[in-house]
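One-letter residues, chain by chain:
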Amino acid sequence: MSAYRALLGKDLRVELRTFRSLPAMALFAVTTFVIFRFGLDRTGLEGSLAAGVLIATLLFAAILAVNRLFVAERDEGGFELIRLAPIDRTWLFAAKTSALMIYLLVLELVVVPIFALFFLDSAEGLLPLIPVLVLFDLGVALTGTLISTIATMSTARDLLAPLVLLPLLVPVVIAATGAAEHLLSAGGPEYDRFGTWLAVLGLYDLVFALVGYAVFDFLLED
Amino acid sequence: MSAETPAISAHGLARDYGERRALAGVELALAAGGTLAVLGPNGSGKTTLLRILAGLLRPSAGEVSVLGCPLPGETWRLRGRVGFLGHDPLLYRDLTGRENLRLAARLYGLKPERAEERIEELLSAVGMERRGDDRVAELSAGMAQRVAVCRTILHDPELLLLDEPDSHLDPAAREAVRALLDPGDGRTRVIVSHERERVLAEADVALELG
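Protein chains in written order, with our numbering: chain U, 1 to 222; chain V, 1 to 210.
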């Protein structure tokens, strides 16, 4: 557990010191909202369109962080440091997933209110959106950490992360938009099949947590 | 590991990168507490050998055992017992020297109070106590190398694997680093160096590659 705290603390400290991921993610998300606003020529969104714009924007912003997740480990020898140390390497998976999850939560704290200002008539659906976004973030963080590790070990790292990650995240996107579209309905939040979509998101997260736990150690091998 | 068991032994050790053979047929036996000098021109496989001994690379052929652990099968038993100083300092550039050493101390399971004591002791020994709070990115290559030496021996490893430990160091720093890496405590060491005369003078066994 000490290794987990040390590795997570390292990532958060470096991000707070350099701001290499979060500002870029936030700027990207806000710019995308502006593009949607003018591209769709709509000042208000609701239902599936609102959910789609929000979830797709968050997903693409997450890719920026996924691409940077293991840069220091690859370029500065962090992988070797961890491989030489007497720790369970799964702690690195847990720490990186947590760091990515924290980045996404902070991103949403900033950009979801901006999304509401840009597109929503009422902020009523935002509170029940929290569990949807938390489970969505966890799915993106778990899968993103796994794929980022594989991509880092590959020579086609810049291509591999988005090309492999996006198809893998399709179920998360479907479930998250499915849950969010009823919450962002014009007449206020509806809870039709809300529990089912949350269960799908939870199941996806559980599967990828188990896959990560099972394979991460092997991904770091020579 | 019994007294008779060599700290390092290798038979027919080879490593390929694709179709290129980087290391071929290495035979080696080093007693516990001994020093092995690894010599050879650039590209002869010195760094590859060191990385195999650290458990960071799998051999393509042959047998190798380090501190009683056959590799790569029991690499997990070797973790934490080796101090590895490679070409890269294995330091995060956006952390300070002290923060890097604290991170390494936690990964190696040192107790916080003992870790702080040990970090200060080592930074003082290499003359880095005043620059320890500077980010590694702001340090010169020689200063980063001094912090890397501290990181290598922080956890008091049984075996030191040192790839050009003097690189980037000025004469004063070289003396300080040598005193740390060879305190005469009978620790097993493998040193890769281009300084043939100096390294042969302190070696019990020499291995010429290439």
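No wet-lab data here; the hints were simulated from the structure. Glycine included, every Cβ here is placed at the ideal spot set by N, Cα and C. One or more hints might be untrue.
[Unchecked claim] Facing chain V, according to a computed beta carbon distance under 8 angstroms, are these residues of chain U, among others:
| no. | residue |
| --- | --- |
| 1 | Ser-2 |
| 2 | Ile-82 |
| 3 | Asp-158 |
| 4 | Pro-167 |
Hint check:
1. Ser-2: 5 angstroms, holds
2. Ile-82: Where the cut-off is 8 angstroms and the nearest Cβ of chain V is about 7 angstroms from Ile-82 (chain U), the hint holds.
3. Asp-158: Since the shortest Cβ distance to chain V is 21 angstroms, the answer is violated.
4. Pro-167: 30 angstroms, violated
Checked against the numbered hints given earlier, the structure breaks hints 3, 4 and satisfies all the rest.
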